[in-house]
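Peer 1: Protein chains in written order, with the numbering used here: chain A, 9 to 286; chain B, 9 to 286.
Misleading hints may appear alongside valid ones.
Between beta-carbon pairs, the in silico distance windows are [stated by the list, open to error]:
#: 1; chain 1: B; residue 1: Pro166; chain 2: A; residue 2: Ala206; range: 44 to 52 Å
#: 2; chain 1: B; residue 1: Arg136; chain 2: A; residue 2: Glu177; range: 38 to 46 Å
#: 3; chain 1: A; residue 1: Pro181; chain 2: B; residue 2: Pro35; range: 27 to 35 Å
#: 4; chain 1: B; residue 1: Ala226; chain 2: A; residue 2: Thr270; range: 48 to 56 Å
#: 5; chain 1: A; residue 1: Ser243; chain 2: B; residue 2: Arg32; range: 53 to 61 Å
#: 6; chain 1: B; residue 1: Asp232; chain 2: A; residue 2: Leu173; range: 45 to 53 Å
#: 7; chain 1: B; residue 1: Arg32; chain 2: A; residue 2: Arg32; range: 38 to 46 Å
#: 8; chain 1: A; residue 1: Asn95; chain 2: B; residue 2: Phe277; range: 46 to 54 Å
#: 9; chain 1: B; residue 1: Gln140; chain 2: A; residue 2: Leu173; range: 49 to 57 Å
#: 10; chain 1: B; residue 1: Ala265; chain 2: A; residue 2: Glu94; range: 53 to 61 Å
#: 11; chain 1: A; residue 1: Glu177; chain 2: B; residue 2: Ala265; range: 26 to 34 Å
If you're looking for bench data, these hints aren't it; they were derived computationally from the structure.
All C-beta atoms in this analysis are idealised placements derived from N, C-alpha and C, irrespective of residue type, glycine included.
There are 2 protein chains.
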Amino acid sequence: MDNRPIGIFDSGLGGLTAVKETVRRLPGENIIFFGDTGRVPYGTRSAPTIIRYALEDMRFLKRFDIKAAVVACGTVSTTALPQLRENFSLPIYGVTEAAVAAAVRETRSGRIGVIGTNASIRSGTYERLLRQRLPDAAVISRPCPLLVPLVEDGRFDPEDPVVRLLLCEYLTPILEFGADTLILGCTHYPLLRAAVSAVCGNGVTLIDPGRETAEVLARELAADGLAADPGRRGSVSCYVSDDAQSFSRFGGMFLGADITATVSLCDIFDETAAKHEG
Amino acid sequence: MDNRPIGIFDSGLGGLTAVKETVRRLPGENIIFFGDTGRVPYGTRSAPTIIRYALEDMRFLKRFDIKAAVVACGTVSTTALPQLRENFSLPIYGVTEAAVAAAVRETRSGRIGVIGTNASIRSGTYERLLRQRLPDAAVISRPCPLLVPLVEDGRFDPEDPVVRLLLCEYLTPILEFGADTLILGCTHYPLLRAAVSAVCGNGVTLIDPGRETAEVLARELAADGLAADPGRRGSVSCYVSDDAQSFSRFGGMFLGADITATVSLCDIFDETAAKHEG
């Protein structure tokens, strides 16, 4: 048994969709979430900058004596995971691997679609992992650069004409390709699930990387003897690099109304900050 | 006469539209441009973060022994100008003041519209400055949070259905209000000029803050004896905090094809960088 917290980070607030799934699956765990809202989005930046930011984010989380880390950001998971694992000696879970395993499990036709940020799709990580597990997979991947700004602007209603128009543009090639499974390859996208479903119809199974990663995390923590005491009640503490106030306004929509969390503004470069939580 | 460079900065590449106007108006000046592409956008962040970033950006530009600075960013101009002027003792030009002067000069009905980022509109700076100069002005201002991501994604074609739909949404209340003058209150927006015109029709005069600021700058440098030698040929050096490569791809579209500029990736926190240009 290990009651130390799990660290979870994202470029912004999208990763809270993964926190929500983790709390549902592992209600006894303490979770420290960091959202780099002062530098979001990552998905339009270059790989070297994404790697630098990811290392800084993880260095911040390490102050809390975490037992494991979840990279709840599709962009960092596809672009900086080897560098994170090289530099930090704790179990680090990206969201891509579990999503790929689920897509391979769910597909019947072997035709799989992936949507993600520019950086995620450019990295080719989803395609590479899919072909490793299912060599005959036919994969189509599409960058959707405007979906993160859309969600961060609070727009994900399936009836919103801008949401609808953009999703039709991004998803039509995937539907024409005949994919029966679609990886929502960015932790912002589960908020668009209803809108994506409305465009794709019932014939396409949607994969939520945060939900799949929570399953893997639960299994592996138990196997490694790192799970918290059973029956224990966990907590969620959130840190953001900009504007705790706007977190209060938007965080709930990512996290779900039934989860309460404390929120603090932090300076990740100030080594003295947050020590008391360690 | 003073041949030292003029410093110009923006959160990203939008400020290059102001660089373009400055080069046209003042071809003899050396220009150092900094685009904070590693942290763009600023317009969705809180005021304290925008002020902190702006002070860091200016500190970087100061290394080049600049004689004056232009804040070619609507968000910083509306939100951090007093703090910049307090901390740095050189002439600093925001883009809001010149835009407001032009709008007051151009309007016939006194009904003026303003579009800008969330932070710019929230600051109330455009409205305050407009009412100072024209107490009877009727002003309508609208935040347009998705226009910067749209432009940064290279989308500003008036025929693009997403561009059209979003501009109709943002501009319809301004047209219904009966504005005869519209301030494009963010340096990204001049790239949308044709698309905005297509929605607004000929009855609305569009004000480009970068262009107006270049006029004021030319006048004031001359008045203060700070202009470069006449007949001299100036240069443009650009620095970005992420991905000089993507600058090469997109910079031209902001700067105009007829202007050549050198581009370097820089770390604004590394005090030893760029000293050689001082």
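Peer 1: Are the hints correct? Go through all of them and say.
Peer 2: Hint by hint, here is what the structure shows:
One distance hint, 44 to 52 Å for the beta-carbon pair B/Pro166 and A/Ala206, is violated here, with the actual separation near 28 Å. Checking the proposed 38 to 46 Å range against B/Arg136 and A/Glu177 shows it holds: the Cβ atoms sit about 39 Å from each other. In this structure the hint that A/Pro181 and B/Pro35 lie 27 to 35 Å apart at CB is violated, the actual value being about 46 Å. Here the CB-CB span from B/Ala226 to A/Thr270 is close to 53 Å, well matched to the stated 48 to 56 Å.
One distance hint, 53 to 61 Å for the beta-carbon pair A/Ser243 and B/Arg32, holds here, with the actual separation near 58 Å. Between B/Asp232 and A/Leu173, the C-beta spacing of about 50 Å keeps the proposed range 45 to 53 Å intact. Between B/Arg32 and A/Arg32, the C-beta spacing of about 58 Å breaks the proposed range 38 to 46 Å. Between A/Asn95 and B/Phe277 the C-beta distance comes to about 20 Å, which lies outside the given range of 46 to 54 Å.
Here the CB-CB span from B/Gln140 to A/Leu173 is close to 40 Å, at odds with the stated 49 to 57 Å. A hinted range of 53 to 61 Å is violated for the C-beta pair B/Ala265 and A/Glu94, which are about 43 Å apart. Between A/Glu177 and B/Ala265 the Cβ separation comes to about 28 Å, which falls inside the hinted range of 26 to 34 Å.
Checked against the numbered hints given earlier, the structure breaks hints 1, 3, 7, 8, 9 and 10 and satisfies all the rest.
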